[in-house]
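Q: Chain by chain, the residues run as shown.
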Amino acid sequence: MKKEFRAHPLMIVSLMRPFLFVLVLPVLKGVVQYIVSREVTGVLTLEIILFAAIVFFAAVRCAAFRLVCGERAVTVKSGVIFRTSSVMSISKLSSVQTVQNPADAVLGAVTYRINTEAGRRGKADFEFKLSRKDSAEVSKRLYGAENPTAVRFSVIKVAMMAATTSSAVTGMIVAVPVINRAGKLLGVALDRMLFDEINEVSGEIQSYFPPVVNTISLIFLLAYAVAFVYSFIKYINFSLFLERDKLEVRSGFFVRSRTSFKKESVNDVLIDQTPLMRIFKRYAMKVSVGGYGGAKGDAAVIVPSGRHGEIKRQFSMYFPFLAPDGRLLHPTRGRNSRARFLYFPAVYFLITAGISLVLALIFPDFGRLILFLMAVVECVVLYYAYLSIFEYRFGKLSLGKNVYARSVKIFNTCELYCPADRVGEIKLVRTPPDIRRGTCKARVTVRSEGADSIRVRNLDYEELKREIAEHYGIEV
Amino acid sequence: MKKEKLPEKTVLLWQIRLTAIAVLPVALFAALCFLTLWMLLAAAVAAAVFSVLIFWYIPALLHSYEIFFPSGAIVIRCGVFLKTTHIMPFSRMVCADTLATPLARKMGLSALTLKAARSRIIVPELDEKYVRQFIDYITREDG
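Going down the list, the sequences are from chains A and B.
Numbered per the working numbering, the first sequence spans residues 1 to 476.
Numbered per the working numbering, the second sequence spans residues 1001 to 1143.
Hints in this document: simulated from the structure, not taken from any laboratory.
Be careful, since some hints might not be right.
[Said to hold, decoys possible] A few chain A residues that face chain B, going by a derived Cβ cut-off under 10 Å, partial list only: (1) Ile-81; (2) Ser-89; (3) Lys-92; (4) Glu-117; (5) Ala-175; (6) Pro-177; (7) Asn-180.
Heads up, the beta-carbon is just placed ideally off N, CA and C, and yes, glycines get one too.
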């Protein structure tokens, strides 16, 4: 039976927001008037009229909004002059997400997001406000009601994930706009003050390297700390609710979020390990769900941190239908094969050393800075060599009803599990050395907005061709 | 396989819309002729271009639309200079949007957008009744 839901009145505020810039127009009019005739009249009246108009249209649009939940389809109706009606089959929904910020919590509202595979990346297909009661009923109608099993993760595990997945770059992306806005709001050059402070502190640290190195290191450390706090707050209260066909992820402290999706909607499962996680021998399990929005793309964390055995156990418990069923293909073993994996790290190592030497000879005054930069780059190259050895030892690919691949993605090691029908492309690349040795690189790209992909190097070309022909009936 | 065409009312609707748009630049150029008489020429050229669009291109484009349903998919052919064929299997279709402007509503028409992952097909205004039937059909197909 169909049931109609109306928007929560708080949606008026969300609908007003894009049009608030109009309120600048009377101010501009006032400025022009002042320049021309040295007097300002009617600005306040115009502001009130415009504000009232914005509120009126937002209220009318809010009143016109309807969410209709049927047995098989859900319809979202909106608009007053331009009336739109979107119909989607419930079985095609990727995920629904409810987010409740403190203001929502006080007024009993919830931001409800419906995601499908057809949406734009990083943006929910449909976003509206519902009352808390209606939101619970809508979720029940879309996904049914069962008694979920709750899996909670300790604060230490969440902190571990926050610490090992945070990066200084994320910290900068988060902190810089906040510092700029706070500075503008307070009317002080906050960024300048902060930079002076960092300069002063770094000037007091005595080291072999020039002060600029200390300053840069301190900035990176601070940015990393910001990223850690941001990530920790985002994932605090992290818990997983399991049902037979559905998963629900709950997290957040100030802004609480719930994301529900059917296990069938999962495009792929990634067991990921960042460089820091590698030190602590921990892994994280993430799933890529079509349409799952948010700033970080469409990957939802399922298990924030755990040992490999623990994660594998949880994987087979949550996603038994994704277990690999094909033959495992891996790079050929032997000294020649290992040397091929280490070829590029060796070349990069020598190039970096050569360039640093030349630069040090040309600019002897910057010797210590060049030495520092060379040390950083060589460390990265050595880590790349270490990952290449990982690829040689553990890189593998299995084709069949489900695809499984283990390899390296930039600085992370990862395992990808995905149903064969979600694979968008399997690309075989052969360089001249590959042709000579009868090998190839295989890249598996998953059909999703985020388009997760993984590359396994130096697999036997003939063997891989046979596997593709056997499982997918495609003669390469 | 039965081919569906767009209703004649759709052509009329788009002709009205484009005429409303055309009036503005033509009137503006004509009004500015006191600056230079070249503006009259610009107004004449704009009027000619819009006339071609309104009386030839838009009817030709909308008449070129052919919609048919081979098993489990929708195929849409259209184009005057460039002939395009869109094929979307129902199994890949995620969402169907309808959009009705006040004028279209008055004429009983509604535009349809079919969305799949990373692709969409926009069908110009069809009869509202037909659009409703179509949406019922695809949601039933899916079930």
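Q: For every hint, state whether the structure bears it out.
A: For each hint, the structure was consulted:
The restraint placing A/Ile-81 at the interface with chain B holds, with a minimum CB-CB distance near 6 Å, inside the 10 Å limit. The criterion of a C-beta within 10 Å of any C-beta in chain B is met by A/Ser-89, whose closest approach is roughly 4 Å, and the hint holds. Against a cut-off of 10 Å between C-beta atoms, the interface hint on A/Lys-92 holds, since the closest Cβ of chain B lies about 5 Å away. Checking A/Glu-117 against chain B by beta carbon gives a least distance of about 4 Å; that is within 10 Å, so the hint holds.
A cut of 10 Å between beta carbons decides the hint on A/Ala-175: the least distance to chain B is about 34 Å, and the hint is violated. With a least beta-carbon distance of about 30 Å to chain B, the hint placing A/Pro-177 at the interface is violated under the 10 Å criterion. With 10 Å as the threshold, the beta carbon of A/Asn-180 stays out of range of chain B, its nearest partner Cβ sitting at about 35 Å, so the hint is violated.
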